[in-house]
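Work the whole structure out from these sequences, hints included.
Position 3 of the sequence shown, counting from 1, maps to -7 under my numbering, and the rest follow consecutively.
No wet-lab data here; the hints were simulated from the structure.
Quick caveat: nothing in here was measured; it's all calculated off a predicted structure.
C-beta atoms are modelled at their ideal positions from N, C-alpha and C, and glycine is treated no differently.
Don't take every hint at face value.
Stated by the list, open to error - With a straight-line Cα cutoff of 20 Å, these simulated EDC-like cross-link-like pairs (lysine to aspartate or glutamate) come out:
no., residue 1, residue 2
1, 46, 67
2, 46, 0
3, 46, 92
4, 46, 63
Unchecked claim - Pair ranges (Cβ atoms, derived):
no., residue 1, residue 2, range
5, 73, 31, 28 to 36 Å
6, 46, 97, 15 to 23 Å
7, -5, 19, 49 to 57 Å
8, 17, 47, 42 to 50 Å
9, 84, 23, 44 to 52 Å
10, 96, 22, 43 to 51 Å
11, 94, 55, 29 to 37 Å
12, 13, 75, 51 to 59 Å
13, 123, 97, 17 to 25 Å
14, 73, 97, 17 to 25 Å
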Amino acid sequence: MTATPTPAPELPAGRYGKPAGPGRRRAARLAMIALGVLAVALAAWLALAGDGLTWKMVGFRVDGPTSTQVTFDVTKDADATVTCRVQVLSESYAEVGVQTVEVGPAGTATQRVTTTVPTSELGVSAVVESCTAG
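This is the structure:
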């Protein structure tokens, strides 16, 4: 027994628009390529247009239920002043201590900062939430 191919059913006229031809496929492909190039250009611009302000946690030491010592590095323009917000968190990730630290001008771009954050209960983690210039 030989299977006889059956033709595909005819679609209702006007219901699904015109079938995609080679020109529409090419236009869609070019649009996707243009969007990809635009996304890469935007990512590069955002990476290069930054103000050079970065921060990195170095470590922390829990001194007890009333304070935690936090150490972090800030990289900025040597003559700039930045403000950093340091948080201490409890085991349930609740904020149990917060301190705003001003990092002033120095002879080097990267400064190591250590601050003692007062806490309302025992902290188990610390994080530099943000640093902003100005």
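Right, here's what the structure says about each hint:
{"no.": "1", "hint": "46 to 67", "verdict": "16 Å, holds"}
{"no.": "2", "hint": "46 to 0", "verdict": "63 Å, violated"}
{"no.": "3", "hint": "46 to 92", "verdict": "15 Å, holds"}
{"no.": "4", "hint": "46 to 63", "verdict": "5 Å, holds"}
{"no.": "5", "hint": "73 to 31: 28 to 36 Å", "verdict": "32 Å, holds"}
{"no.": "6", "hint": "46 to 97: 15 to 23 Å", "verdict": "20 Å, holds"}
{"no.": "7", "hint": "-5 to 19: 49 to 57 Å", "verdict": "30 Å, violated"}
{"no.": "8", "hint": "17 to 47: 42 to 50 Å", "verdict": "49 Å, holds"}
{"no.": "9", "hint": "84 to 23: 44 to 52 Å", "verdict": "48 Å, holds"}
{"no.": "10", "hint": "96 to 22: 43 to 51 Å", "verdict": "48 Å, holds"}
{"no.": "11", "hint": "94 to 55: 29 to 37 Å", "verdict": "31 Å, holds"}
{"no.": "12", "hint": "13 to 75: 51 to 59 Å", "verdict": "55 Å, holds"}
{"no.": "13", "hint": "123 to 97: 17 to 25 Å", "verdict": "18 Å, holds"}
{"no.": "14", "hint": "73 to 97: 17 to 25 Å", "verdict": "20 Å, holds"}
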